[in-house]
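Chain C is fixed; fit chain Y with the ligands onto it per the hints.
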Amino acid sequence: MVKADNVKKDYTIGKVVVHALRGVTIDVEQGEFMSIAGPSGSGKTTLLNLIGCLDTASAGEIYIDGQAVSGRSKNELALLRREKLGFVFQSFNLIPVLTAIENVSFALSLLGLDSDTVQKKSMQIMEEVGLKGLEKRFPNELSGGQQQRVAIARALVKDPGIVLADEPTANLDSNTGKDILKLMEELNKKHKTTFIFSTHDSMVMDFAHRLVQLHDGLIAKNGVGKGGGK
Amino acid sequence: MKFLISLAWKNLSRYRRRTIITAVAIAIGIALYIWIDALLLGAEMETVRNLIYFETGPARIMQKKYWEEKDYMLISYYLEDPAAIQAELKKEGYESTQRISFLGNIMNLEQQEGSFQIKMAAIDAKTDGVVFKLEDGIVPENGRFLESGEPEIIIGKDLAEDLDIKLDDWVLVTTKTAGDVYGEAGSWDDLELKVVGLLSTPNPLINKGMAFIPLDYAKQRLMRGQGATDVIVNFPAGADSGSEVEKIKAAIAGLPGAGDWEVLDYKELAREFIMLASTKSGGSKIILFLFFIIAVIGISNTMLMAVFERVKEIGMMRAMGMKDRAIVWAFFLEATGIGFVGSLVGLVLGILLTAYMVIWGLDFSGMIQGMGNIGYRTAGVFKGWWNFDTMLSAFFMGIIISGLVSFIPALRAVRMQITECLRDK
Ligand SMILES: Nc1ncnc2c1ncn2[C@@H]1O[C@H](COP(=O)(O)OP(=O)(O)OP(=O)(O)O)[C@@H](O)[C@H]1O
Ligand SMILES: [Mg+2]
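As given, the protein sequences belong to chains C and Y, one line each in that order. If you read the first sequence in my numbering, its first letter stands for residue 10, the second for the next number, and so on. If you read the second sequence in my numbering, its first letter stands for residue 93, the second for the next number, and so on.
Each hint should be verified, as a subset may be incorrect.
Unchecked claim - Within a straight-line C-alpha distance of at most 30 Å, the following computed DSSO-like cross-link-like pairs (lysine-lysine) qualify: (1) C:LYS130 with Y:LYS102; (2) C:LYS93 with Y:LYS404; (3) C:LYS83 with Y:LYS404; (4) Y:LYS415 with C:LYS201; (5) C:LYS17 with Y:LYS404; (6) C:LYS145 with Y:LYS404; (7) C:LYS129 with Y:LYS102; (8) Y:LYS415 with C:LYS17.
Said to hold, decoys possible - Derived contacts from chain C toward chain Y, CB cut-off under 8 Å, selection only: (9) ASN58; (10) LYS83; (11) ASN84; (12) ARG90; (13) PHE96; (14) PHE98; (15) GLN99; (16) ASN102; (17) ALA116; (18) LEU119.
Said to hold, decoys possible - Quick look at which bits of chain C chain Y covers, simulated, 3 or more residues with Cβ under 8 Å: (19) 59-71; (20) 105-114.
It should be emphasised that the hints constitute simulated quantities derived from the structure, not laboratory data. In this text, a Cβ means the ideal position worked out from N, Cα and C, and glycines have one as well.
Just chain C, same shape as in the assembly (with noise of 0.2 Å):
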């Protein structure tokens, strides 16, 4: 599904450059529950940014169903992102002037739907999130928890194969965390999409089935997650 071969990331400010993946070698399957941990600094933006195509590796190679991603044009990009891969961001990044449900649509419009799918899709996704009857509503009419679910139904909604989480409770107080760690558990078994999402937060962690620590831009344990939040 996804497989990273021994990556690396320099990244270069003046004279100084920094080693951030020095070496990552990686491989998910499909449906995987996987969370990506460790200490600020250690690659994990750099790891899901890698792996989500919105960067390009100095060494190594990222592999998305098989296929080789580097030497890939912008545009190539772009059309690999939009079918296979959905994103959920730390800060949410919702469209402010769009409604839930528009937000959510956009990501099915970009493909190129009907708007009769667009409309059907969207409006399921949005139960399954939990978000019945608040479809209307615009961003900042929303809590941050009920923020994020748009942007999971956002992300979900077009059957990418994987979303890509960077601390996807960061911005959350601990209680809306956990309900978003568990809505994200719920749908990684529902659909079989496989999840990975980064995090430097123990009880965050502890919901992976599949736990990679980082440490300083390498692999410092790759095991089995407790799951489930226990």
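Leaving out everything else, chain Y with the ligands in the frame of chain C:
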């Protein structure tokens, strides 16, 4: 596409304050542009009108030689039988009048000092009005128009002031006669003339430096009773002057001596002046251009802000697989929307301002007198004129330019790394 349009519309209505402020700025720019253009066009039309009514007439027939040496206004190059020319023209439906145009030295007869060389015309008091509007330049308290056969003169009111002359005073005009032999300048003659009217026309050049005497008196004193230097022909305002000139030429072609005559329209007659006026309007175009630049900077700034504020949103949309081109389009549509609203309001405002200028005009008379001769042959009230070309082009330019300037910040945003856009600040 439909989505992009609705997104642009939603952004416009959501960020209402920004939309309104920018649209108002564009509207003011466009309205001012239209208004100033209307004023300039009005001034130009007024200038040409005053040029025709008071100086050149629509078209003029004279000896080629007279025209070649026009700076000297040599009356020895006269048309021998202007009445015959007028009769031929009449057959074709053209009204006309004859004049003797010459240079004269004028001085206050009483004071006998300080003479001015001025352009003078001997005019046919009965028919001059079919072409010129001099008579309108004399209000009753400034005397009366000329009467035939009398040794009298009407002069521009500013010239009268310079000569220290009042109504009913006498002036001395010294000028050359046509002489006995055709083509040779004659002797000098002194004319003692009574000032019967002071001219106050909308043409500052007339007021400042011209004087008029009766045609028959001038013929008798300067031309041995015969001839006139020019026949001035009227044709309707708005007619194509080039083809009118051709018709006039054809009408008089059969007369003896016609080969030696020149027929010129007002554009030729005032060629130097019209060139001057068009360089002046070139200057005004620069002012308009500056307006334009300021407007462009204003819109760019707004669009820059709009893009800057939404870098994260742009990053998110790109992450979700929206193509760069679509993002650039989205901002283009948004800017075009502001441009449309602003231009529409500006157009309406501009039309209202122009209507005011066409119907009532602005009274600048005090200012103009203070400035002296500024080249525009107009005095008093500045009136505007409709220029629909300008209105339409300003309207569409407003929209197009607004759209175009959105490209700069939008292109900059899509050139940023997506991860850069998305970073939490
Ligand atoms: N655009 C960049 N330019 C330069 N250095 C960068 C850039 N992005 C990340 N880094 C550096 O790379 C390293 C890894 O950063 P990264 O953001 O992946 O860490 P992280 O694990 O996500 O940390 P956090 O928990 O604080 O989000 C850090 O040392 C960081 O300073
Ligand atoms: Mg991070």
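Verification of the supplied hints:
1. C:LYS130 with Y:LYS102: Answer holds: LYS130 of chain C to LYS102 of chain Y is near 23 Å, not above 30 Å.
2. C:LYS93 with Y:LYS404: 21 Å, holds
3. C:LYS83 with Y:LYS404: 18 Å, holds
4. Y:LYS415 with C:LYS201: With a Cα-Cα distance of about 28 Å, the restraint between LYS415 of chain Y and LYS201 of chain C holds, given a limit of 30 Å.
5. C:LYS17 with Y:LYS404: Judged against 30 Å, a Cα distance of about 26 Å means the pair holds.
6. C:LYS145 with Y:LYS404: Holds, because 23 Å separates the two Cα atoms, which is no more than 30 Å.
7. C:LYS129 with Y:LYS102: 22 Å, holds
8. Y:LYS415 with C:LYS17: 27 Å, holds
9. ASN58: At 5 Å from the nearest chain Y Cβ, ASN58 of chain C passes the 8 Å test, so the hint holds.
10. LYS83: 7 Å, holds
11. ASN84: 6 Å, holds
12. ARG90: Holds, about 4 Å.
13. PHE96: Since the shortest Cβ distance to chain Y is 5 Å, the answer is holds.
14. PHE98: It holds, given that the least Cβ distance between PHE98 of chain C and chain Y is near 7 Å, below 8 Å.
15. GLN99: 6 Å, holds
16. ASN102: 4 Å, holds
17. ALA116: Because about 6 Å separates ALA116 of chain C from the closest Cβ in chain Y, which is inside the 8 Å limit, the hint holds.
18. LEU119: 6 Å, holds
19. 59-71: holds (count 3)
20. 105-114: Held - the region 105-114 of chain C has 3 residues with a Cβ nearer than 8 Å to chain Y, which meets the minimum of three.
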